[in-house]
Amino acid sequence: MFQVKNLTITHKKDLTTLVDGLSFTLAPGDRAALIGEEGNGKSTVLKLLYDPAMAEPYAEWTGEIVDKGLRKGWLAQELSLQELELPVWEFCRRSPAFEEADPRTLDRAARQVGLSSDLFWDQRAVSTLSGGERVKLRLALLLLDSPDVLLLDEPSNDLDLQTLEWLEGFLLSCQVPVLYISHDERLLERTANVIIHLERLRRRTVSRSAVSRMGYARYVEERASGFQRQEQLARKERAEYDAKIEKYRQIRNKLDYQLGSATRQDPHNAALMKKKMHTVLSMGRRFEREKENMTALPEWEEAILTAFDQGRSAFPAGKTALRLDLPELTAGERVLARNVRLWVDGPEKIGIVGPNGTGKSTLLKLTADELLARTDLRAAYMPQDYGDLLLGDKTPVEVLAPSGRREDVTRARTLLGSMKYKAEEMEHPAAGLSGGQRAKLLFLAMVLNGSNVLVLDEPTRNFSPLSAPVIRQVLADFPGVIISVSHDRLYLEQVCMRVLELSENGLRQV
Numbered sequence: 000m001f002q003v004k005n006l007t008i009t010h011k012k013d014l015t016t017l018v019d020g021l022s023f024t025l026a027p028g029d030r031a032a033l034i035g036e037e038g039n040g041k042s043t044v045l046k047l048l049y050d051p052a053m054a055e056p057y058a059e060w061t062g063e064i065v066d067k068g069l070r071k072g073w074l075a076q077e078l079s080l081q082e083l084e085l086p087v088w089e090f091c092r093r094s095p096a097f098e099e100a101d102p103r104t105l106d107r108a109a110r111q112v113g114l115s116s117d118l119f120w121d122q123r124a125v126s127t128l129s130g131g132e133r134v135k136l137r138l139a140l141l142l143l144d145s146p147d148v149l150l151l152d153e154p155s156n157d158l159d160l161q162t163l164e165w166l167e168g169f170l171l172s173c174q175v176p177v178l179y180i181s182h183d184e185r186l187l188e189r190t191a192n193v194i195i196h197l198e199r200l201r202r203r204t205v206s207r208s209a210v211s212r213m214g215y216a217r218y219v220e221e222r223a224s225g226f227q228r229q230e231q232l233a234r235k236e237r238a239e240y241d242a243k244i245e246k247y248r249q250i251r252n253k254l255d256y257q258l259g260s261a262t263r264q265d266p267h268n269a270a271l272m273k274k275k276m277h278t279v280l281s282m283g284r285r286f287e288r289e290k291e292n293m294t295a296l297p298e299w300e301e302a303i304l305t306a307f308d309q310g311r312s313a314f315p316a317g318k319t320a321l322r323l324d325l326p327e328l329t330a331g332e333r334v335l336a337r338n339v340r341l342w343v344d345g346p347e348k349i350g351i352v353g354p355n356g357t358g359k360s361t362l363l364k365l366t367a368d369e370l371l372a373r374t375d376l377r378a379a380y381m382p383q384d385y386g387d388l389l390l391g392d393k394t395p396v397e398v399l400a401p402s403g404r405r406e407d408v409t410r411a412r413t414l415l416g417s418m419k420y421k422a423e424e425m426e427h428p429a430a431g432l433s434g435g436q437r438a439k440l441l442f443l444a445m446v447l448n449g450s451n452v453l454v455l456d457e458p459t460r461n462f463s464p465l466s467a468p469v470i471r472q473v474l475a476d477f478p479g480v481i482i483s484v485s486h487d488r489l490y491l492e493q494v495c496m497r498v499l500e501l502s503e504n505g506l507r508q509v
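Each residue of the sequence shown is one higher than the one before, counting from 0 in numbering that gives the first Met the number 0.
The hints are simulated quantities; they were obtained by calculation from the structure and are not laboratory data.
Everything numeric in this text was worked out from a predicted model, so none of it was measured.
No farther apart than 35 Å at their CA atoms in a straight line, the calculated lysine-lysine pairs in the DSBU-like style are these:
hint, residue 1, residue 2
1, 11, 421
2, 290, 421
3, 243, 290
4, 274, 243
5, 4, 290
6, 243, 275
7, 11, 393
8, 275, 235
9, 274, 290
10, 4, 67
11, 348, 364
12, 253, 235
13, 421, 4
14, 12, 71
15, 274, 246
16, 273, 235
17, 421, 348
18, 12, 421
19, 253, 274
20, 11, 67
21, 273, 246
22, 235, 274
23, 246, 235
24, 421, 235
25, 275, 253
26, 246, 290
27, 12, 393
28, 253, 243
Put together the whole structure using the sequences plus the hints.
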């Protein structure tokens with residue numbers, strides 16, 4: 000049994016309370032999804048539960064973590080640059096469990112995750128593996144240690160559609176408790192049976208957590224209907240209260256008038272009127288106490304995203320956006336695909352899929368290079384690695400208002416505020432923000448630039464499952480051209496007009 004009691008986490012730098020009073024218990028068979036908006040402390044919670052020393056440099060905590068004698072398996076969201084540069088076999092040897100395992104045990108762990116045990120001894124750098132191979136390899140190394148609980152930070156990131164389906168099966172068949180973060184709503188719907196929701200309300204100054212032992216779809220539905228019932232009851236109580244207060248004011252005003260007249264003309268009657276006034280004032284105090292006990296209007300954390308200007312971002316129907324013909328798509332000396340033809344006319348929205356390692360991001364980068372050089376359109380590129388665009392110590396305000404003019408800075412702050420950025424976060428280096436906060440920043444930059452062609456590599460990968468529906472709707476309503484790579488199944492269904500699959504034989508419509 001893995002138990003957390005009254006966990007409160009505070010950020011050391013700005014004393015922000017990330018998590019307040021979180022308690023839950025995990026037992027075998029539990030697949031608990033940790034959800035919440037970007038920057039709400041989800042990864043910090045996982046780090047703290049695995050090893051408090053990992054969060055110690057930037058966070059303080061109180062509460063109790065009951066995990067004595069439990070072996071915990073931890074899957075970090077990303078590998079370090081040093082780890083990515085290691086040969087696979089050397090990366091594996093860093094695991095004590097791998098060093099101690101016999102060939103039969105290694106083969107069993109590899110088969111559990113759908114890999115060949117030969118991969119453990121591969122000479123290639125870890126960085127050359129596909130996203131799916133990296134996740135499976137790391138999970139295999141965790142399983143060698145026979146963990147009692149698994150803590151997985153974004154295991155679904157960078158996975159192709161086939162590997163996502165494999166991950167669903169892995170989670171459903173897992174015998175030990177699993178606590179995981181994922182932005183893939185389909186994965187959550189199909190695997191989670193416990194939802195742990197972290198929120199930050201009132202402009203991200205108040206933290207709230209909720210633990211529900213139910214599936215994700217049911218949680219979202221019951222949460223919405225619960226808020227609706229609470230709002231209806233709260234508004235009914237307020238309407239009844241307002242009616243009583245209005246009647247009370249009328250009575251008091253009438254007594255005030257009568258008391259004033261009686262005091263001047265009839266002292267005896269004035270004493271009676273004062274007793275009546277005392278009774279009325281008591282009634283008023285009772286009404287005030289009732290007000291304090293009224294049902295509160297529901298509070299929830301909304302994912303607000305500004306919309307693109309329908310006029311500036313429009314792309315003429317039928318106008319050529321892209322004519323890209325590649326006899327070969329290469330990465331270094333390696334040929335990834337042949338006879339790649341990508342033709343796009345306005346205002347199409349294209350989604351590109353395919354197994355990991357087929358060159359989708361390489362193709363998208365070539366597409367971006369060509370479109371960004373054009374002067375007859377306004378293209379914007381959002382790569383998977385935001386660090387390429389948010390280098391150095393620039394703050395979000397400086398990214399959105401490079402001119403430094405007062406009116407531009409004011410507009411940037413207003414837009415960032417609409418996206419739930421706190422004042423302190425506007426002054427943090429953008430490179431140090433969470434993935435979702437950086438993604439929102441890049442979207443705002445596209446809006447401000449009036450882009451009418453968007454080249455997007457996994458646009459929803461860093462948005463929470465509560466933000467992602469808003470992002471999808473914004474992109475579905477975008478009046479320009481979108482050329483994107485995505486493994487988000489809902490994004491492909493709701494945004495893309497055409498879905499193309501990249502293989503070694505080029506692109507084909509699916």
